Amino acid sequence: MRRRIGRVLFFAGLFYAPLVTAQWQVNLVEGATEISRSVYNLHMIIFYICVAIAVVVFGVMFWSIIWHRKSRGAKAAHFHESTWVEIIWTIVPVAILVSMAVPASTTLIQMYDKNSADIDIQITGYQWKWRYKYLNQDIDFFSTLATPREQISNEQLKGEHYLLEVDNPLVIPAGKKVRFLLTSNDVIHSWWVPALAVKKDAVPGFVNESWTLVDEPGIYRGQCAELCGRDHGFMPIVVDVKSPEDYQQWVAEQASLKVAEAASAQQEMSQAELMSRGEEVYKGTCAACHQLEGQGLPGIFPALAGSPLMTGDPAEHISVVLHGRSGTAMQAFGEQLKAVDLASVITYERNSWGNQGGVVTVQQISKLLKE
Amino acid sequence: MGSLEKSVHSTGHHGPATGITRWLYTTNHKDIGTLYLFFSLTMFFIGGCMALTIRAELFQPGLQLVRPEFFNQMTTSHGLIMVFGAVMPAFVGLANWLIPMMIGAPDMALPRMNNWSFWILPFAFTMMLSTLLMEGGGPNFGWTFYAPLSTTYAPPSVTFFIFAVHMMGISSIMGAINVIATILNMRTPGMKLMDMPLFVWTWLITAFLLIAVMPVLAGVVTMMLMDIHFGTSFFDAAGGGDPVLFQHVFWFFGHPEVYIMILPAFGVVSEIIPTFARKRLFGYTSMVYATASIAILSFIVWAHHMFAVGMPLAGELFFMFTTMLIAVPTGVKVFNWVATMYRGSMTFETPMLFALAFVVLFTIGGFSGLMLAIAPADFQYHDTYFVVAHFHYVLVPGSIFALMAATYFWLPKWTGHMYNESMAKLHFWLSFIGVNITFFPMHFLGLAGMPRRIPDYALQFADFNMVATFGAFLFGFSQLVFVYNIISCIRSGKQATDRVWEGSHGLEWTLPSPPPYHSFTEPPVFTHPYKENDRGV
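So the protein sequences, as listed, match chains C and D. Mapping the first sequence onto the numbering used here, position 172 (from 1) lands on 172, and the numbers just tick up by one. Going from the second sequence to the numbering used here is simple: count from 1 and add 371.
FYI, nobody ran anything at the bench for these hints, they're computed from the structure. A portion of the hints provided could be inaccurate.
Said to hold, decoys possible - A partial selection of chain D residues facing chain C, derived with a Cβ cut-off under 8 angstroms: (1) Asp478; (2) Pro482; (3) Pro519; (4) Pro526; (5) Thr530; (6) Ala648; (7) Gly686; (8) Phe692; (9) Ala698; (10) Ala819.
Just so it is clear, the structure is predicted and the values come from calculations on it, not from any experiment. Virtual Cβ for every residue (Gly too), placed ideally from N, Cα, C.
Start from the sequences, fold in the hints, and give me the full structure.
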């Protein structure tokens, strides 16, 4: 008996555990912009209209089911058409739809406001990261998932912002109109932040436009919304909205980071240093396709372990990493990673999983990147 | 198949071949209908296993059972198999069985083509399923296969997928030609178009939709093939092509395609509700016109699937308005069904239960469709679980419930036996509860911000995902009850009368149960199907 109670408690606990942290969110967020609030209002209006229609239609239906059943002795009536009724239930829905179309069009026209913005940011989708380039400013960086792979494979406890955290968030000021120019480097992605009510496809070869004006500083999270391949579920978006003063300070910091990066491009590193840094870079950037053990996925992503590219002429290996292979998922990492990371990861690939391809130095890469 | 054999002997002469050749060489509309229905049932279970794989992986956050690349193959294959392998062939099966019997024709107009259009399908789907075992895996780009993910970045097996789609297209077009030829040429003397049962009407309109859009699908996959193998750049921006063109062409096929899957369901429900309400269908004429309006409108709404793709404002407004307009004829249909029930004399046998659930749950799917039509709000709904909830509400308790209703409704006619009513009711209630537990929480997930087609999700989505997975397994396993009931009904059961249901009307109910292998070799005398009901059955 006691064992049975124990078992019941165990199973109850199993179900209770997730409920403790439960977030049974059932509705759209109101969001942080004027546009997102009017979208929310549209959503609520159309929802209530649907509820009202449902009450009437299902009301009549259930009335009939309850009262006009044969077991209650109901006798079927003989009516089977009425032009007037048909006309009425065609016109009334049309009227409801027109009343709905007016506010919807107004909001849509607002969203398409093409007036110039305070800040223009080019957003480029890559398989499976985002690149943010601030036009007219010397800021350009990639934003990738920051959740460790161990959390995804359930070897570590999942953090609060599991799958919704990135290394470098997009930073924008509050109270300023920010225009996004979206495009893609490979397949179609879709940049979506619910709190801003912005969702726009990033299409290769095209530039799409969207904008936002956030009232309050805060962190807003979103995800890629268009299936873009293997790691579609792992390319989140984080927007860090700062007060205008904090934003200016952040812009200034970016310039000093640039100087530090230039210095790091000339540093001397031992093979051990290159290997340990390379392993980190590999896990974050390469392992999604080429896999942790370099075995790749046959038919889609080539194996690195035992590949002649890793053990042969380093120049060829470096060229593939820097410039990518067009028409495949292999991107040009020369524009994504710092010289020190490139040298580390190439060295790591050339000296792991049984490969013996020798060291590639930071200076070697820096020289090639300058050309 | 005891009863099917029996139906052979009752004709006395010119029965079917024996053994497997009966099914391979058959040109009989009833046999081909049976083949289609069993094929579709098989595909329903294969696609269902894929759905359960997806739901099992999504039971908890984190990756547990499958890897992301396999997850993408599952979502893709599940969609393709359910759309092209389960729902469409099931309706073609119903058309084969019922259209000749409903219009008093001896068979379909083009029986040899009928055989061919069925026998293409097993080969097409074997080929498509075999891609899952190929190097690089099967299609992994979603059932909508947007370029360039499905061209430049696709696994090598995509070529087999393209060929399989071509074969399915050929099969569907031949099926549609056959339906049109049969309905327009082989109605019994005296049956005018506006006398036809609504199931026949909805299939006539569906067949025209099929002929109009299947070539468009064939065109788009051929363009993909050219891009992949012959160096063209239809969808490759680097070569001057346009990835968005793919979506326009695909959805010009894709939107009429969703009506192809629902219009025959409307027809089925319009047959069942009057039968069990014992009252003539309200507004027959307006039902026909509403169906035709939906079909015509389906050609000018396609880009509502693409509101986030970056269309100009004028395009967004146009497609928003036309999409909202579809609510009007669809509303008319729902109002007509409700008016048919109103002041009827209703009983609730299993076909009626499924039909009633169809009306309620399809309407809920229609409501979310109306919400999705509002372009500014669609920016929040698009590509989230809200969309997943929407199209599963119109497809599962929509099309598939209508198919189950049809199965229970006509099974006694087909086999000559009554099915087990209490087991059927159990199947209904388990399915009804399962479907709602599975798909209703998906509305919440989508509104809370969960994108579709992701193998893993943030923690705030964990609870509703767990609920949905419970529902999916309940729904999935309760379909075994359905299969058991069908098989035992074929083998034995209480002898069914010719009319089967008290309120039945229409020519198919004038035939014996089961009908002879060749029925209506002489055109029957036609009286309006509803007239006898007017006398008060």
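Hint check:
| no. | hint | result |
| --- | --- | --- |
| 1 | Asp478 | 32 angstroms, violated |
| 2 | Pro482 | 36 angstroms, violated |
| 3 | Pro519 | 6 angstroms, holds |
| 4 | Pro526 | 6 angstroms, holds |
| 5 | Thr530 | 13 angstroms, violated |
| 6 | Ala648 | 7 angstroms, holds |
| 7 | Gly686 | 11 angstroms, violated |
| 8 | Phe692 | 6 angstroms, holds |
| 9 | Ala698 | 6 angstroms, holds |
| 10 | Ala819 | 4 angstroms, holds |
When held up to the earlier numbered hints, the structure conflicts with 1, 2, 5, 7 and fits the remainder.
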